[in-house]
Amino acid sequence: MMFESAMIPITILAFVITIILILWRPNGLNEAMPATFGALLVLLSGSVSIEDLGIITSTISGAAITIMATIVMANVLESFGFFNWAAEGLAARAKGSGIRLFWLVNLLCFLMTMFFNNDGSILITTPILLILLEHFKLKNSEKIAYLLSGALIATASSAPIGVSNIVNLIALKIVGMTLYMHTLMMFVPATIGLVLLLLLLYFRFYKRLPRVLPSTKFQFYTNLVKANHPPAPPEKHLTHPPHPSGPRPHHYPPHSLEHYPHEHPVRNPYHHPVHDSNHYPMTSQEILKINYENRNKFMRNVLLFVLFVRMSLFIASYLSIPIAFVAVTGSLLLLTWRWIYATIPPTDLIQKIPWHIFVFAFSMYVIIYGLNNIGLTNLLVNQFEQLVKSNLYNASLVMGTLISMMSIFFNNHPALLIGTLTLTNMNLDPLTMKIAYLASVIGSDVGSLLLPIGTLASLIWMYILRQNGVKIRWKDYVTVTIVAIPPTVLFTLLLLASWVDWIFTSLH
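FYI, in my numbering the residues of the sequence shown are 57 to 564.
Rather than coming from a laboratory, the hints here were simulated on the basis of the structure. Be aware that a few hints might be false.
As the list claims (entries may be wrong) - Now the in silico label distances, taken between C-beta atoms and shown as ranges:
1) Ile155 with Asn481: 32 to 40 Å
2) Tyr262 with Asn483: 42 to 50 Å
3) Leu360 with Asn447: 45 to 53 Å
4) Leu360 with Arg81: 35 to 43 Å
5) Arg529 with Phe171: 42 to 50 Å
6) Gln442 with Ala148: 54 to 62 Å
7) Gln523 with Lys193: 34 to 42 Å
8) Gly84 with Asn447: 40 to 48 Å
9) Ser61 with Phe560: 46 to 54 Å
10) Met367 with Gln523: 27 to 35 Å
11) Ala148 with Ser105: 55 to 63 Å
12) Ser117 with Lys193: 40 to 48 Å
13) Val534 with Ile248: 23 to 31 Å
What the hints assert, rightly or not - In silico DSS-like cross-links for lysine-lysine, where the CA-CA straight-line distance does not exceed 27 Å:
14) Lys531 with Lys151
15) Lys263 with Lys195
16) Lys445 with Lys193
17) Lys408 with Lys151
18) Lys151 with Lys193
19) Lys445 with Lys195
20) Lys193 with Lys263
21) Lys408 with Lys445
22) Lys531 with Lys263
23) Lys263 with Lys408
24) Lys195 with Lys531
From the three backbone atoms N, C-alpha and C, an ideal C-beta is built for every residue, glycine too.
Model the full assembly from the supplied sequences, consistent with the hints where possible.
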């Protein structure tokens, strides 16, 4: 451990170096590597102790396990063909209009965040969109219009209700605010802010959106069922090399589907963003077990079960049952269902989970905790306490902007927690505390979207796109968010203060 006099400058240096490397990303450097390097420097400086590591681990372990459980659920849905089924439904409802498809895509992303959370929404909707957009043979720039707008809406949609984001729930408990009060104050201004964000994205992408989509129907399942249970193609006709673990009698490569009569060629229809290329989920024979007439009922049942599990997380929070326990239980039930139904063992998940994202999140927590230990929270209190106390509009604008800036550079989860701890030390009156906290949530959930490193969900989204060969540079991302996110955040913060002021004026 280094001398105490060197602790503060080394901690600050570690933070600066980490941010520079994350933003620069030389030779495509993974975000987790500079974050890990910075965390090690902070540990060496002594600003974070071994005991602190235990506190950090206990703080984020529940959220990490819940996110892993969400990834498991997404993979189970993929194994059952849910993404193809949902893509087929979107294609049918778009009625050949690229404009209509834009609104449907963003509505889907909004609803998925309401039912799941922002991370789960990204994990579920992105594969659906990738399947759909590949089917329509859209250009990369056209794909980005749908994918990026959907990702931004999915992530920002966690603001209206507290249960759509795990860190919101943690911070909610710190300030002693109920979910009912959170929803009463936040739902209207945050939802109107989402509408503004969607309109800005629509005008930004309008020229890229195809006016007319290809007229071919999305018939993957229809054609598969009409194949009339054909026999599996002979091994000698397979153009795919044998699986390294030996013959796989129950799982044929996706490419073999092209050998069935009257099949339209489908380019890797089962590929999931976090799916290992050596593992194939349900084959044509297994999907045929789902009678065509019962397919919608089957998919609805699967989705209802997943929704029940997700809702159980928030019920558990009221009953003081560990959320991680409920998430793991639900995931194990789904995995067992998949293993029995589709004979797919759960071992494939080891390669599907993007472990580096959790390393990034943990490392950033360590760095932020070090900054907090050297006086960051006290500095923020001294600088902003009087300004936040002055009136509701200042409280909203100051905390919303502050947390937005902090989230942009070192992720929204630690930023919101630091902001919340700062608020608890400001001796604010109850109403100002609520306004300042809700403004912090807006900064954390919406303002953080200015850069891809601002949220865990956007990092997961970038990872999924890279795995599927969709090219998107930071420049492509920022040129859109720079014109959409700041106006949305400013508008929502002002609307929040006006809305809450009106509510409490009316009540009194």
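For each hint, the structure was consulted:
1. Ile155 with Asn481: 32 to 40 Å: Distance hint for Ile155, Asn481 is violated at roughly 49 Å.
2. Tyr262 with Asn483: 42 to 50 Å: Holds: the Cβ-Cβ distance is about 48 Å, inside 42 to 50 Å.
3. Leu360 with Asn447: 45 to 53 Å: 47 Å, holds
4. Leu360 with Arg81: 35 to 43 Å: 41 Å Cβ-Cβ, so the 35 to 43 Å window holds.
5. Arg529 with Phe171: 42 to 50 Å: 32 Å, violated
6. Gln442 with Ala148: 54 to 62 Å: Once the Cβ atoms are compared, 58 Å apart, the range 54 to 62 Å for Ala148 and Gln442 holds.
7. Gln523 with Lys193: 34 to 42 Å: Check failed, 20 Å falls outside 34 to 42 Å.
8. Gly84 with Asn447: 40 to 48 Å: Holds - the Cβ-Cβ distance for Gly84 and Asn447, about 47 Å, lies within 40 to 48 Å.
9. Ser61 with Phe560: 46 to 54 Å: 49 Å, holds
10. Met367 with Gln523: 27 to 35 Å: 29 Å, holds
11. Ala148 with Ser105: 55 to 63 Å: 58 Å, holds
12. Ser117 with Lys193: 40 to 48 Å: 44 Å, holds
13. Val534 with Ile248: 23 to 31 Å: 25 Å, holds
14. Lys531 with Lys151: 33 Å, violated
15. Lys263 with Lys195: Measuring from Cα to Cα gives roughly 13 Å; hence the hint holds.
16. Lys445 with Lys193: 55 Å, violated
17. Lys408 with Lys151: Given that 27 Å is the threshold and the Cα spacing comes to 34 Å, the pair is violated.
18. Lys151 with Lys193: With a Cα-Cα distance of about 16 Å, the restraint between Lys151 and Lys193 holds, given a limit of 27 Å.
19. Lys445 with Lys195: 51 Å, violated
20. Lys193 with Lys263: 17 Å, holds
21. Lys408 with Lys445: 47 Å, violated
22. Lys531 with Lys263: Given that 27 Å is the threshold and the Cα spacing comes to 18 Å, the pair holds.
23. Lys263 with Lys408: Answer violated: Lys263 to Lys408 is near 36 Å, above 27 Å.
24. Lys195 with Lys531: 18 Å, holds
The structure is inconsistent with the numbered hints 1, 5, 7, 14, 16, 17, 19, 21 and 23, although it conforms to all the rest.
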